[in-house]
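Got chain L; can you put chain Z on it based on the hints?
There are 2 protein chains.
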Amino acid sequence: MRANPDLALDVVGVGNAIVDVISTVPEDFLDQHGLVKGAMTLIDTERATSLYAAMPPGIETSGGSAANTMAGVASLGGRSTYIGKVRDDQLGEVFAHDTRNGGVGFDVPFATEGEPTARSLIQVTPDAERTMNTFLGISAFLNPGDIDQEIVESAAITYCEGYLWDRDEAKDAIRHAMTIASDAGRIVSLTLSDSFCVDRHRDEWMDLLDDRVDLVFANDAEVCSMFETDDFDAAARQIADMVEVAALTRSAEGSVVLANGERFDVPATPVERVVDATGAGDLFASGFIYGLSLGVPLERCAELGSIAAGEVITHMGPRPHVQLSSLI
Amino acid sequence: MRANPDLALDVVGVGNAIVDVISTVPEDFLDQHGLVKGAMTLIDTERATSLYAAMPPGIETSGGSAANTMAGVASLGGRSTYIGKVRDDQLGEVFAHDTRNGGVGFDVPFATEGEPTARSLIQVTPDAERTMNTFLGISAFLNPGDIDQEIVESAAITYCEGYLWDRDEAKDAIRHAMTIASDAGRIVSLTLSDSFCVDRHRDEWMDLLDDRVDLVFANDAEVCSMFETDDFDAAARQIADMVEVAALTRSAEGSVVLANGERFDVPATPVERVVDATGAGDLFASGFIYGLSLGVPLERCAELGSIAAGEVITHMGPRPHVQLSSLI
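Chains L and Z supply the protein sequences, listed in that same order.
Start counting the first sequence at 1; every next residue gets the next number (the numbering used here).
Start counting the second sequence at 329; every next residue gets the next number (the numbering used here).
Think of the hints as simulated: they come from the structure by calculation, not from any bench.
No experiment lies behind these values; they were computed from the predicted model shown.
Worth double-checking, as some hints may not be accurate.
Sample of chain L residues at the chain Z side, in silico, Cβ under 8 angstroms [stated by the list, open to error]:
(1) P57
(2) T61
(3) S62
(4) V94
(5) H97
(6) G105
(7) P109
Computed list of chain L residues with no C-beta within reach of chain Z, every gap over 12 angstroms [claimed, not checked]:
(8) D20
(9) M40
(10) V104
(11) T179
(12) E204
(13) D241
(14) G261
(15) P297
Ranges between beta-carbon positions, derived for each pair [to be verified]:
(16) L/D203 to Z/D359: 57 to 63 angstroms
(17) L/S325 to Z/A580: 32 to 38 angstroms
(18) Z/E581 to L/D166: 52 to 58 angstroms
All C-beta atoms, glycine included, are put in the ideal place defined by N, C-alpha and C.
Just chain L, same shape as in the assembly:
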């Protein structure tokens, strides 16, 4: 796999534009509120209100899976742009500010009507695991008209998040972006995002992986869910047969890259203390994509992913707190 270095952008990300609301909670908070630990659960306005009312004081910080990945690429020194939808409200302003000032291009006009900017209510438990409850708001209303053909054509990689796959319009937006990228001979990439997402969209995603996706990102739970198995190695082989490159993460056990019949196992970057796992997978993808843009071997791409993921789990929030380029 070679990312064309002569284009204006290394990568364009497409996803749900979200502001994270993060609180540290005791373990029993999850049970008390019927939350599925480690998962991303979609919630409606009413649930968002009642769950927020129950959460301890928190911090707000820009998130959104693909947007985090683009922020990571920019922090590493790559050229990234983001496509996602926010409202013209205070949280939308925060999202646009943090994204742009993190070095990521972001030119989708603010929606002037409809639902508010998306937020994800994130509970971080003492084991540093994050549990996400996402009110999608206006983000789910991304539509094919929001996909700027010129931007997609100008990017070596088009990176889409599976999270966006829950509404028909947004789904069409992803398909549209992937078609443009593919027609222009660019690399098409998808992250499976969440094992429950996989479960909801398994059949459609099988086709998408087979027909369209060149580079897939997934963690162990997601790839196992995809093939309805507990056998990671078997699932990894199956997904590798469907795409050119599969980059799979396994939390503390590091990552596995499969391509051209080869498999590379890469260890996780050791960290002193894991504070908040939010963004770990997103930042792994940053490093991997940045590596592709440099044209380094896939094994080194995964190492760069581990370094980026290793930074983001040492603090609250899903985007880097230091210039990642200083770590590589």
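Relative to the frame of chain L, chain Z by itself:
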């Protein structure tokens, strides 16, 4: 000084209700943008927009000096309520949530028109010093009608922040709260907030300290500004003559309490690494006030202040991240 323990509340705080927007910046960011290091500068909408546009990605977290103090008192196990004004916008919702869910009573109705909720654009430099640029928004429109007489009468201490002294209506609100408290035989407390604030209001505050305030909080720069001197000890003696108790902070050099002709010097609580000084003075006041509510000696009140301040400077953000009652 004795805080009546038989009342419903230990303290009610009155101040500017603000959401903090915090970014880490290199030292030269301050010079480039003409910022006065360590100070609180009031900014208008235009300046807020241009400065925010220049700031790196940040986090949003509820702040406001007196509100931070009330959050600290609650975290220590005390009973506190807060009076300040937010709009019915997203940042207002964040402020109300964090304040209430931090254990502080907060029942001022959201304003349904006018300026948006206040925000302070805070730059934290590598030395952990914070530089604040505050867009007051609706917070400055606090007026005497917002002061709930029953709440003030039910609190052993009424704690007001000098920051609020910049608009006539808000000034009247403070005077009104102090009059109610004083008439009911409660303790009236003021924090001088900022040396530039002191400079703007020196004459009025001289009268206020002389006539109305029982317990004053200030840092070394503020008390020196008050008496236009560089001699801290002289300034400390002067302010002590005007009030019953003066609780003065000196950053890493700890604090000094003056009362009844006595002076106690209390060391700062040692911390491994200072990350962000925002809220240090506010949290010192929390501990001191909580100590008064317990009826412990003034020296011990200052020690409790040091412990609370010691926690808040070890992380980003001006409110405690752990239950402070677990530290004492």
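*Give me the numbers of the hints this structure contradicts, sorted from smallest to largest.*
6, 7, 8, 10
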